[in-house]
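Based on the provided sequences and hints, a complete structural model is requested.
Residue numbers (our numbering), protein chains in the order written: chain A, 1 to 231; chain B, 1 to 250.
It is worth saying that the hints were derived from the structure and are not from the lab.
You may find that some hints are simply not true.
Reference excerpt, derived from the structure (chain A facing chain B, CB under 7 Å, subset only) [unchecked claim]:
| # | residue |
| --- | --- |
| 1 | Glu130 |
| 2 | Gly136 |
| 3 | Leu148 |
| 4 | Gln150 |
| 5 | Ser225 |
| 6 | Tyr227 |
| 7 | Ile228 |
| 8 | Val229 |
Away from chain A, derived, C-beta distances all over 12 Å, residues of chain B [claimed, not checked]:
| # | residue |
| --- | --- |
| 9 | Gln69 |
| 10 | Arg80 |
| 11 | Asn232 |
From the three backbone atoms N, C-alpha and C, an ideal C-beta is built for every residue, glycine too.
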Amino acid sequence: MWQIIQTASPQLIKAGLKYTIPIAVIAFAIGLAIALVTALIRLSQKRGGFLIIKTLFRFYVWVFRSTPLLVQLFIVYFGLPYLKIQGLSPHGIQLDPVVAGILTFSLNTGAYCSETIRASILSINQGQWEAAYSIGMTRTMALFRIILPQAIRISLPPLANSFISLVKDTSLAASITIVEMFEVSQQIAAQNYQPLVMYMLVAVYYAVFCTLLTWLQGYLEKVTSRYIVAK
Amino acid sequence: MLKVSQLTKSFGDQEVLHGLTTTFPEHQTTVILGPSGSGKSTLLRSLNFLERPESGHYNFDGKDLDWSQPISNATILQIRRHTEMVFQGYNLFPHLSVLKNITEGPIHVLRHDKATAQTEAQQLLAKVGLADKADEYPSQLSGGQSQRVAIARSLAMHPEYIFLDEPTSALDPELELGVLKVLLQIAKEKQSMIIVTHNLAFARQVADKILFVENGHILFDGPNQDFFGTQNQRILDFISAMTFSDLAGD
Numbered sequence: 001m002w003q004i005i006q007t008a009s010p011q012l013i014k015a016g017l018k019y020t021i022p023i024a025v026i027a028f029a030i031g032l033a034i035a036l037v038t039a040l041i042r043l044s045q046k047r048g049g050f051l052i053i054k055t056l057f058r059f060y061v062w063v064f065r066s067t068p069l070l071v072q073l074f075i076v077y078f079g080l081p082y083l084k085i086q087g088l089s090p091h092g093i094q095l096d097p098v099v100a101g102i103l104t105f106s107l108n109t110g111a112y113c114s115e116t117i118r119a120s121i122l123s124i125n126q127g128q129w130e131a132a133y134s135i136g137m138t139r140t141m142a143l144f145r146i147i148l149p150q151a152i153r154i155s156l157p158p159l160a161n162s163f164i165s166l167v168k169d170t171s172l173a174a175s176i177t178i179v180e181m182f183e184v185s186q187q188i189a190a191q192n193y194q195p196l197v198m199y200m201l202v203a204v205y206y207a208v209f210c211t212l213l214t215w216l217q218g219y220l221e222k223v224t225s226r227y228i229v230a231k
Numbered sequence: 001m002l003k004v005s006q007l008t009k010s011f012g013d014q015e016v017l018h019g020l021t022t023t024f025p026e027h028q029t030t031v032i033l034g035p036s037g038s039g040k041s042t043l044l045r046s047l048n049f050l051e052r053p054e055s056g057h058y059n060f061d062g063k064d065l066d067w068s069q070p071i072s073n074a075t076i077l078q079i080r081r082h083t084e085m086v087f088q089g090y091n092l093f094p095h096l097s098v099l100k101n102i103t104e105g106p107i108h109v110l111r112h113d114k115a116t117a118q119t120e121a122q123q124l125l126a127k128v129g130l131a132d133k134a135d136e137y138p139s140q141l142s143g144g145q146s147q148r149v150a151i152a153r154s155l156a157m158h159p160e161y162i163f164l165d166e167p168t169s170a171l172d173p174e175l176e177l178g179v180l181k182v183l184l185q186i187a188k189e190k191q192s193m194i195i196v197t198h199n200l201a202f203a204r205q206v207a208d209k210i211l212f213v214e215n216g217h218i219l220f221d222g223p224n225q226d227f228f229g230t231q232n233q234r235i236l237d238f239i240s241a242m243t244f245s246d247l248a249g250d
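As structure tokens, this is what we get:
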């Protein structure tokens, strides 16, 4: 068994470093940006034509939370090549599998994280807004200088949940031809007929990366909670 | 000079302020008294546009605004530059040190030089008796200390008026005393203030002018001594209840 682990590990780690980790990190970074924009738009008090934009973003969150991630990956990678629009995409939209993966993972995690960020902003006491307005701040300034720094602390644990979920969900990328860690483990298992060992081994590597993220979460929580001091 | 006329404010279909008209003289302390739910805080918050009355006029230093018309954000910001609010629950910024709570407005809103703002913040902290607390966080302060920091934060903006919404209602009498002393000192320096309070002994010492509000109407609007020397039975009952003078009687 040691021999199997020794020969398979370099291939798994290589696939992890080349695909699993970069896809997860890039998709989460983009997803966070999408989430922040979505949350801010949905919390905006602007009226009039802006309501159409708000509805669009609500629709986006609804779509990505209401359909399976695997189906979303299939639609983007296998489906879009058949989206032939005269003048816009006459030959369909053919995406590189990694691009399709990052795009789908970003949009999916962005939808979930937008709700986390929206909730954390709403959880800050209304008095904080009022105190900020009272010293003459605009809504934007109050949001970025007073509300978000406090909201980040509250959103950290659920955001870490989303990140850890995303790391494991990247294994679905195997189904759109990306040779990430799980795909490599399947290929090796098909050659050496050791599915139990191979899938246990790849599970351990996912767990190692997620444990590192848990530590990172703990560190960030400590840093952002510095101002909570017991008397 | 700050004036309001025919101020009307409703929450839903319940009207809570019924066309109030009064003035808040400059360099004086106006105390708003009245039973709970009378509309005192709503009146005060309307003056800082934290509440938006449906109708009436707001007049600040001769500039008149009609509440029934749309008022731009720029105008509201302009008014808030001249006025500051001190809240019952302090509302200090918990993620900022005491010093940064005070310098936040001067540096980022007024765009003052950082060093100047810090020096002034230190002076204000000394004034409210908390010179040694500059680097602590609000979570390390007592209620009385928090409210004194909030007062220093409002003074740092050099407002024409400071509005205080029941500033000591959350404090026990000993901590309250420290805050009241600071306010009395500021009143002596002729800072224009409007204070909503339930503390009659304090009102009597600090007020130049008193407004008595009940059920959304102004029942009394006049000088301090006239209020405490009134023959109006409703006001006499209120004073008696607030000072527990009839506690032993029936």
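A closest beta-carbon separation below 7 Å is what the hint needs, so does A:Ser225 meet it against chain B? violated, 10 Å
Could you check that no beta carbon of chain A comes within 12 Å of the beta carbon of B:Arg80? violated, 5 Å
Quick check on the hint: A:Tyr227 CB to chain B CB, less than 7 Å? holds, 4 Å
Tell me if A:Leu148 is really an interface residue toward chain B, meaning its C-beta lies closer than 7 Å to one of theirs. A:Leu148 check fails; min Cβ-Cβ to chain B is 10 Å, beyond 7 Å.
Was the hint right that A:Glu130 lines chain B, CB cutoff 7 Å? holds, 6 Å
So B:Asn232 supposedly isn't at the interface. Is its beta-carbon more than 12 Å from every beta-carbon in chain A? The claim holds: B:Asn232 sits with its nearest Cβ about 34 Å from chain A, beyond 12 Å.
Measuring from the C-beta of A:Ile228 to each C-beta in chain B, is the shortest one below 7 Å? A:Ile228 check passes; min Cβ-Cβ to chain B is 6 Å, inside 7 Å.
Hint validation: A:Val229 versus chain B, beta carbon distance must be below 7 Å. Holds or violated? Holds, about 5 Å.
Would you check whether A:Gln150 satisfies its interface hint, that is, whether its CB is within less than 7 Å of any CB in chain B? holds, 5 Å
Just checking, B:Gln69 versus chain A, shortest CB gap more than 12 Å? holds, 17 Å
For the hint on A:Gly136, does the least C-beta distance to chain B fall short of 7 Å? At 4 Å from the nearest chain B Cβ, A:Gly136 passes the 7 Å test, so the hint holds.
Hint violations for this structure: numbers 3, 5, 10, all remaining hints satisfied.
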